[in-house]
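The listed protein sequences derive, respectively, from chains A and B. Quick note: the first sequence uses our numbering, first residue 1, plus one each step. Quick note: the second sequence uses our numbering, first residue 1, plus one each step.
You may find that some hints are simply not true.
To be verified - Using C-beta positions, here's what the derived DEER-type ranges look like: (1) B/G18 x A/E142: 23 to 29 angstroms; (2) B/G115 x A/G89: 20 to 26 angstroms; (3) A/D146 x B/G137: 40 to 46 angstroms.
Quick caveat, the hints were computed from the structure, so don't treat them as lab data. The beta-carbon is built from N, C-alpha and C at its ideal position, and this holds for glycine as well.
The lines below spell out each chain.
Protein chains: 2
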Amino acid sequence: MSSSENAPTGSGPFLPRGDFQTIESGDAFMPKFDEHGLIPCITVDAATNEVLMFAYMNAEALEHTLATGRGTYYSRSRRKLWKKGEESGNVQQVRELLTDCDQDVILMKVEQIGGAACHTGHRSCFFRRINDARTLGHTGRERVFDPEKVYRK
Amino acid sequence: MSSSENAPTGSGPFLPRGDFQTIESGDAFMPKFDEHGLIPCITVDAATNEVLMFAYMNAEALEHTLATGRGTYYSRSRRKLWKKGEESGNVQQVRELLTDCDQDVILMKVEQIGGAACHTGHRSCFFRRINDARTLGHTGRERVFDPEKVYRK
Numbered sequence: 001m002s003s004s005e006n007a008p009t010g011s012g013p014f015l016p017r018g019d020f021q022t023i024e025s026g027d028a029f030m031p032k033f034d035e036h037g038l039i040p041c042i043t044v045d046a047a048t049n050e051v052l053m054f055a056y057m058n059a060e061a062l063e064h065t066l067a068t069g070r071g072t073y074y075s076r077s078r079r080k081l082w083k084k085g086e087e088s089g090n091v092q093q094v095r096e097l098l099t100d101c102d103q104d105v106i107l108m109k110v111e112q113i114g115g116a117a118c119h120t121g122h123r124s125c126f127f128r129r130i131n132d133a134r135t136l137g138h139t140g141r142e143r144v145f146d147p148e149k150v151y152r153k
Numbered sequence: 001m002s003s004s005e006n007a008p009t010g011s012g013p014f015l016p017r018g019d020f021q022t023i024e025s026g027d028a029f030m031p032k033f034d035e036h037g038l039i040p041c042i043t044v045d046a047a048t049n050e051v052l053m054f055a056y057m058n059a060e061a062l063e064h065t066l067a068t069g070r071g072t073y074y075s076r077s078r079r080k081l082w083k084k085g086e087e088s089g090n091v092q093q094v095r096e097l098l099t100d101c102d103q104d105v106i107l108m109k110v111e112q113i114g115g116a117a118c119h120t121g122h123r124s125c126f127f128r129r130i131n132d133a134r135t136l137g138h139t140g141r142e143r144v145f146d147p148e149k150v151y152r153k
């Protein structure tokens with residue numbers, strides 16, 4: 001992954017990467033897309049900061065998110081733009097977008113329409129606690145919707 | 001990235017990947033390490049849920065985190081285990097570890113000793129807002145420490 005660390009990866013409307021100081025301290029947005037053209041995105045509830053999900057964006061998804069104010073990702077399994085909620089109606093209204101010190105991660109604060117971000121029907125994809133190296137425990141949060149009903153109608 | 005989707009990537013003490021149902025609904029921890037042997041980790045403040053940082057773990061880092069209760073990552077740039085706070089003293093006391101529906105991301109809730117997770121001295125690495133496809137704005141949060149003093153003494 002570090003092979004493309006300093007590569008000029010400007011894509012779409014985004015600036016190519018600048019020097020270290022500009023990236024860490026400047027006011028120019030120079031997102032780093034990895035060797036697959038993707039940048040990780042952490043999506044949280046704008047009201048509570050609860051982490052709802054984690055996914056990737058390509059330049060097109062990030063541009064679409066900025067242009068429409070709706071959370072848009074790139075689906076690695078389906079290999080296409082993923083307009084979150086397009087099928088279920090559970091869209092994400094973007095309240096704020098942030099990036100980190102080295103501009104290689106996006107933090108998206110959203111209002112999650114329908115109340116659940118996870119395709120399993122849970123509010124958050126992070127509904128299981130890691131007990132130890134072998135076992136998980138459910139956090140006890142109930143599902144918000146039944147995916148059988150939402151996705152197969 | 002999807003090429004290793006179903007590969008048995010059990011590493012260290014961790015179970016190899018199971019079938020879809022087991023991964024999504026089961027109580028066995030079967031973390032997915034990518035083709036570089038890494039899993040993304042989102043680290044948040046256990047008290048407020050504020051996202052503090054984002055980094056990667058390899059199996060050794062995840063095992064070390066579970067064994068010691070201290071946030072431990074893998075530094076891609078230095079290519080070695082990264083015991084967070086080892087130099088600055090700003091360690092992360094783990095309060096809870098979670099994973100997501102497909103078990104390919106870790107969510108770590110911590111008490112951040114020293115109050116700042118970012119090497120720039122900011123509480124969170126996400127201290128800049130994305131205004132548009134070209135510019136960033138500072139969120140206005142002051143730095144907690146001066147990195148010149150913490151890292152160069």
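Query raised in the report: Is 20 to 26 angstroms a correct range for the gap between the Cβ atoms of B/G115 and A/G89?
Result: Violated - the Cβ-Cβ distance for B/G115 and A/G89, about 41 angstroms, lies outside 20 to 26 angstroms.
Query raised in the report: CB of B/G18 to CB of A/E142, is that within 23 to 29 angstroms?
Result: Distance hint for B/G18, A/E142 holds at roughly 24 angstroms.
Query raised in the report: CB of A/D146 to CB of B/G137, is that within 40 to 46 angstroms?
Result: 41 angstroms, holds
Of the numbered hints given earlier, the model fails hint 2 alone.
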